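Take the given structure of chain Y and dock chain A to it, following the hints.
Quick note, the sequences are listed as chains Y and A, same order. Per my numbering, residue 756 is the first one in the first sequence, and the count goes up by one each step. Per my numbering, residue 756 is the first one in the second sequence, and the count goes up by one each step.
These aren't lab readings, by the way, just hints derived from the structure by calculation. You may find that some hints are simply not true.
Any copy will do: because identical chains look the same in the list, a pair fits if it lies in one copy or spans two.
[Stated by the list, open to error] Distance condition first, Cα-Cα at most 30 Å in a straight line; then the derived DSS-like pairs of lysine-lysine:
hint, residue 1, residue 2
1, K996, K1299
2, K1406, K1299
3, K1185, K787
4, K1185, K881
Because the structure is a prediction, the values reported are computed rather than measured.
Number of protein chains: 2
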Amino acid sequence: MAQKQTDRKPDLTPFFQPRSVAVVGASATPGKVGHTVLHNMIEAGFTGTLIPVNPKGGEILGHPAVPSVDQLPHGPDLAVITLPRQHVAETLRQLADKGTRSVIVITAGFKEVGRDGWYLEQEIRKICAQAGMALLGPNCLGMINAAAGVNASFAAGQPDQGRIAFFSQSGALCVAILDWAAGSHMGFSKFVSLGNKAGLNEADMLDHLADDPETDVILGYVENVENGEAFLRSAQAACRKKPVLMIKSGTTAAGAKAASSHTGAIAGSDQAYEAAFRKSGIVRVRDVETLFHLARAFSRQPLPYGPNLAVITNSGGPGILAADACGRFGLYMARPAQRTVERLQAFLPPHSDFYNPFDILGDADAQRYRRTMEIVLDDPMTHSLLVVLTPTAQADVEGTARAVADMARRMPDKPVFACFLGMQGVRTGKEILDRAGVPCFVFPEPAVQGIRAMYDHFLRQQRPLEPAETRPRDLDRAAAVVQRAREAHAREIVEFQAQEMLAAYDLPCPATRLARSSDEAVRLADELGYPVVLKIASPDISHKSDVDGVRVNVRNPEDVRRVFWDLTARAAQLRPDAYVVGCVVQEMAPPGVKEVIVGFRRDEQFGPLIMFGLGGVYVEIMGDVAFRLAPLSRRDAFEIIREIQSYMLLKGVRGEQPVRFEILEEIILTMAQLALDFPEILEAEFNPVLVNHERALVADVRMTLRS
Amino acid sequence: MAQKQTDRKPDLTPFFQPRSVAVVGASATPGKVGHTVLHNMIEAGFTGTLIPVNPKGGEILGHPAVPSVDQLPHGPDLAVITLPRQHVAETLRQLADKGTRSVIVITAGFKEVGRDGWYLEQEIRKICAQAGMALLGPNCLGMINAAAGVNASFAAGQPDQGRIAFFSQSGALCVAILDWAAGSHMGFSKFVSLGNKAGLNEADMLDHLADDPETDVILGYVENVENGEAFLRSAQAACRKKPVLMIKSGTTAAGAKAASSHTGAIAGSDQAYEAAFRKSGIVRVRDVETLFHLARAFSRQPLPYGPNLAVITNSGGPGILAADACGRFGLYMARPAQRTVERLQAFLPPHSDFYNPFDILGDADAQRYRRTMEIVLDDPMTHSLLVVLTPTAQADVEGTARAVADMARRMPDKPVFACFLGMQGVRTGKEILDRAGVPCFVFPEPAVQGIRAMYDHFLRQQRPLEPAETRPRDLDRAAAVVQRAREAHAREIVEFQAQEMLAAYDLPCPATRLARSSDEAVRLADELGYPVVLKIASPDISHKSDVDGVRVNVRNPEDVRRVFWDLTARAAQLRPDAYVVGCVVQEMAPPGVKEVIVGFRRDEQFGPLIMFGLGGVYVEIMGDVAFRLAPLSRRDAFEIIREIQSYMLLKGVRGEQPVRFEILEEIILTMAQLALDFPEILEAEFNPVLVNHERALVADVRMTLRS
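Bound-form chain Y, shown alone (with noise of 0.2 Å):
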């Protein structure tokens, strides 16, 4: 149910660097919405055309009001609308008529309270695509862009400038961390409330701020994304650009409900929103002030090019803290080499510790904070460095957070970080710190989390872009299996359909054979030699089971003959309607082998989502699966079997050797390759994959068709 959104990007100039700006709705009376945008583009000190409109005209706030839209001098760059609900559609055609570039609609009342305030909502949605207006909104709070003096918001307060970016899907949302972020030094480039997102919406945001000069990092609170597609594409090219984090929350069946209750907004599953983050390279954050805690360090350092944290204390118990951290988080405490212990013992005091965390004792003063900075992040192994700072009596907290900022600055390619413990007694450390731009925790974790989160995102900015892999088929030959499938209303394609299917995509697979007769199967068994699988071969029969249709291990060809009756005798007797051809006759499976699944579902906001893992309770009772959004390249089909945590078993246990990973990666590839070929088949599963160190073979395949 993605809305249809069309391909042609807004410019957002006008909407975020407005000339002229109007506040339709304007009020004189404090309290008022109207009043408080007024008061709002004042304070921020707005230096371009401000006009309130008011049907009473007169003077609001020091503007002359212009009774109606349409007594206009022009078409502003932006306007704003705070009007009843029932006025909005008109006042949009007025504006679209005078030439507005772009709209906020502030008012509530639309999808998020039913059907009537769908249609009505429907409805502004269109005069503003017609007209080419961009739309904020409806049901939302509003846009600022400090730098450029606007403040088109009813929040209360203007927040400091900064170079973090943050738009959101609840208005709510934006209030409190517009309060919370004036409490703790935390300014923005940008901050915008999406509301219904009847026009712009999170991926026009992210096409946006990652060309924006004044946006370092980019934050972003979503319930649902509009158009899978245009997300991914936009969200892939600000990645490459700058840090994306982001929080998707409705993730839990409790929080979906309320997601959908709440703006009506129908979402994705929690797995392919995984699987779409990790494509694009966004930092999925899970609660509100981790999103805070890493925006503070991705927006003022350099990103770490390894994993190794020094950890600078003038305490043993944070320093373990710190190490705890390190390991919970997967980076590792940088081992100092022998020449760095060796300066080290040169000048500190002999208790303190010379290797990592470096604990240089209570009585640790600017300087010798200093020197130990120096020193340690000359180490080449250090790839980071956390500076702990207990204020303790003699601790210099001032003269510390100087010693530290000078080496931030110093040294610009490895990121510094600050956790100074406490509060009051280290207050003015903090801020000297904050104004350096070397981010400053009161605990040791949120310091270790930011500093993994933006390795990571070192790791994802290393790699090269890969293409998708094209996986050689015979397109034709499987249209054909569809549009036959199709033809016969059929929800399924399942055996011999299936197997031409997987000759077209030239999927390894037994070889099989269809036996009409029992001595037919014999001759069948000969050729292939034994042990042989037989299994009931009907059009009508899916479930093979059913009819205890299988034989496995059929070692000669007595018993060829035998189970070929037996068989064909009970699904005659079980289902008599059924039209029986014969049996199957298969080549057994390899000695050694291990059985995997690869499988795919269409997820409605992002399509094609591949999955993988260990065949039977690896799957079902361990849930020990990984997932991936088509379409793959080389490299996701690569890591999507590691991913797994059964891995270790294809890798080979006790000696075993490993499988053939290529393979398996090519059959993932093609199962990936199939889904965007045929957007009419729903799901599918090949399971077993029957994998060795020699071969691979899709033993079984399943399609469900769309119906």
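What follows is chain A alone, placed relative to chain Y:
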């Protein structure tokens, strides 16, 4: 290397509530530790006798100083020592002679600086122990008991009085937390820096604080515990009385390395700590921020008696975040009764959400919050309530806070939490809630996490205390086996001896007979019934697979004879030195068995750590195991089986019957019994235990003796 510990519990009244305090090393020079301690005591409003001790005599901070300890009029209840370390021991002797009741040694330079410090520490420990003086430290920040007007620490400033007790092995963390708490309206009942724990340790704190009427919640930070057994005993007793939340740091390899170089503490394994915390009912916390979030929750509200959370909010987004957190932390969103929905519909605006989360819209005033809370809390399916407020323009922050506070007071059996998003805009509301004892959070996630932890604690409290289960066994027979092995200087108990142990513990094992000739083997196989297993029997061959010494599925007398010759000949050839007795003839595993592993290893701190898991790859590759500390109750055995992820396989998939869980439980209980019976056994493993729906057999066993 657990430190020896006397079993007598010290009376800590003179320590925590001294009537007289001597500050030995008191100084008139601001900035000196001896000055700060005296100053802190005065500032805390100490009303007892306060005596500075300083060789120069005179008056310090208005108190006449005594020139030396032996000139004290009498032994004080508490003496605080800030002297250089070389004077500490002598001073302690003098204090002991005077009849001093307790001492705090703030001075550093003991165990933490190496060998000479370690000896010094042993000396002062001995002096105090002999004199019966409670000893805190050395190398600590001191102790604070605000209610008693005691601040015997060199912390900067006075913490607020509150109902949370905190003790910490890291002095630095004490400093940081005091500083942070001062900025967060968090007060403490007792605040103790344990330092090197030469005397008082975490077990003593737990004993005392459990009965402290001023403490509602106990928080601790430990890097190691001194005496596992004492710790377990104290923690179990304390947790029965009030919630105990603890950080155990040094949990990762990196952290543990830091921990041991820090205070010379030898950390027990993390799994053993995990099991110990679980056994005693301690809530284990991973980071400092969470510790205080949870402390706030526990200290102020009743425990929820069920998992259903209701969320009332004036905004959608934060409601979804709360619902997501609910899913993440394993709570349920309460489903309102039809009557609740109808009552809400009777007065809430029509676009509200009448299902949980209850979104009462952005213009909700205090009265709307109040009535919604009344109705929602009245629903018996609501077990706890989270009230979310976003500071919208129309929100009545203070009025809503008062309404929430009221409601919490009137509903003493359901916990009420608040999340007032933001900071500046909700400050006044937060203060009202703070005073009313309603925990108020900035973002929803930590609030939900807090409720979850409280619900866990409720569940634990509900459990009747289950006695450890004693298993029947023939102790003399088992002791004889161990005795013989020790006399033979064996490192392991295997094969015949091990079988004898199994018999002594009445453990079911496959019928097993020793055949000294091929004739005897055939006769025994005839008796057991075919197929059978043959294994080489030699006291000198412990790894039978080294000589390929096992054959399963031997189906008839001829094969038994052939295999007997085969195995014995091979063994003779490969291990000419070994004394080959013959072959063991063993009953085959029944069909459909599953293999599980039951084992233990002896943790240095906490004793036998029992392990359970599914055999083969589940333990080795998937790491799917569970642990408990001995002794075990029947419920422990029940739970350890159900805790592993692959438990589903034992329960039976695809129509299989479940295994005989009772027998499995008995085998696990017996392993615990064996571990407790024989401290000489360092590790043991039943591997595999074969279990199906009828039986469970211990098919192989190995025990390692302490060398």
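Here is how each hint holds up against the structure:
1. K996 - K1299: Cα proximity of K996 and K1299: none, with 53 Å in one copy and 61 Å across.
2. K1406 - K1299: Cα proximity of K1406 and K1299: across copies only (26 Å, versus 32 Å in one copy).
3. K1185 - K787: Answer is between; shortest inter-copy Cα gap is 25 Å, intra-copy 38 Å.
4. K1185 - K881: neither (50 Å within a copy, 44 Å between copies)
Figure legend: structure checked against the earlier numbered hints; hints not met, in rising order: 1, 4.
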